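**Student:** Sequence:
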Amino acid sequence: MQLTELSAAGFRTSVSVFRRPTGGLRWVIIPTIHMGHTDYYWAIWQRLRSCRAVIAETWDGPSSTGMAYANAMRLARQRASRDLVPQDIDYGALGVPIIFPDEYLVPQADPDRRMSRAERLNATVMTPILALHMALTGDWLSTAPLELHDHTEVQRDAETIKRDDLLLDAIREIDGEFSTEDMEVAVVFGALHMPLVVRELTRAGHRVTPDVQWLTAIDYDEPPYLRKPPLDGWMDW
1 MQLTELSAAG FRTSVSVFRR PTGGLRWVII PTIHMGHTDY YWAIWQRLRS
51 CRAVIAETWD GPSSTGMAYA NAMRLARQRA SRDLVPQDID YGALGVPIIF
101 PDEYLVPQAD PDRRMSRAER LNATVMTPIL ALHMALTGDW LSTAPLELHD
151 HTEVQRDAET IKRDDLLLDA IREIDGEFST EDMEVAVVFG ALHMPLVVRE
201 LTRAGHRVTP DVQWLTAIDY DEPPYLRKPP LDGWMDW
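First residue of the sequence shown: 1, per UniProt numbering; consecutive thereafter.
Accuracy of the hints is not assured; some may be wrong.
[Unchecked claim] Now the in silico label distances, taken between C-beta atoms and shown as ranges:
1. Arg-120 with Asp-182: 41 to 49 Å
2. Pro-128 with Gly-24: 45 to 53 Å
3. Pro-128 with Phe-178: 26 to 34 Å
4. Ile-129 with Met-183: 38 to 46 Å
FYI, nobody ran anything at the bench for these hints, they're computed from the structure. No experiment lies behind these values; they were computed from the predicted model shown. Backbone N, C-alpha and C fix where the C-beta goes; we use that ideal spot for every residue, glycine too.
Construct the complete structure from the given sequences, taking the supplied hints into account.
**Tutor:** Encoded structure:
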């Protein structure tokens, strides 16, 4: 099963629904990239409106990682860098329970959903390093290991293993308690976490339904020679 797609047109991520043949709880699996077009994150938010709960990554606010990558792409004059924004999905506005299994990794969200000073500093430090790497790589997006399938084996360090364990624990708890309920629960995490999630759901008896949706996160909508974003104001704060 393909989870993300990298092609000459850009980068897309899937929205798939898993359920057991006997019915009951449906899992909406949404692998994400932490930077993309605004309408990409809007489409994800709209899909979440039918869900009774969401398991989400890190916190309810903009992604400092996405900010660093989006700014670095513009600084390095990368293809498809125009109009990219950091991941920002307003989970709180959905009005349903939101579970952040790995929330201990970052400060609690402020009422105005702004990044902490530490996160902003981290993005500022990361940006020139990433930009240099992208400049040396050429078209960084086309060479990044972004295309994933359910059988993809992802390299995991100790922190990633811990986050994956917390995510799977949350899925198992909900799947056990609400297995017979006629409702949807979404999982919105970075795409690299999702092959493990899909394998877990399959092991537990869930099967993907045929109506997989594809969302375009980043596209090559202009010829390369027209993509020369100005350096002035490249930092999106």
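**Student:** Confirm or reject each hint.
**Tutor:** Comparing the hints with the structure gives:
1. Arg-120 with Asp-182: 41 to 49 Å: With a Cβ separation near 43 Å, Arg-120 and Asp-182 satisfy 41 to 49 Å, so the hint holds.
2. Pro-128 with Gly-24: 45 to 53 Å: holds, 50 Å
3. Pro-128 with Phe-178: 26 to 34 Å: violated, 46 Å
4. Ile-129 with Met-183: 38 to 46 Å: Since Ile-129 and Met-183 have Cβ atoms about 43 Å apart, the given range 38 to 46 Å holds.
In summary, the one numbered hint that this structure violates is 3.
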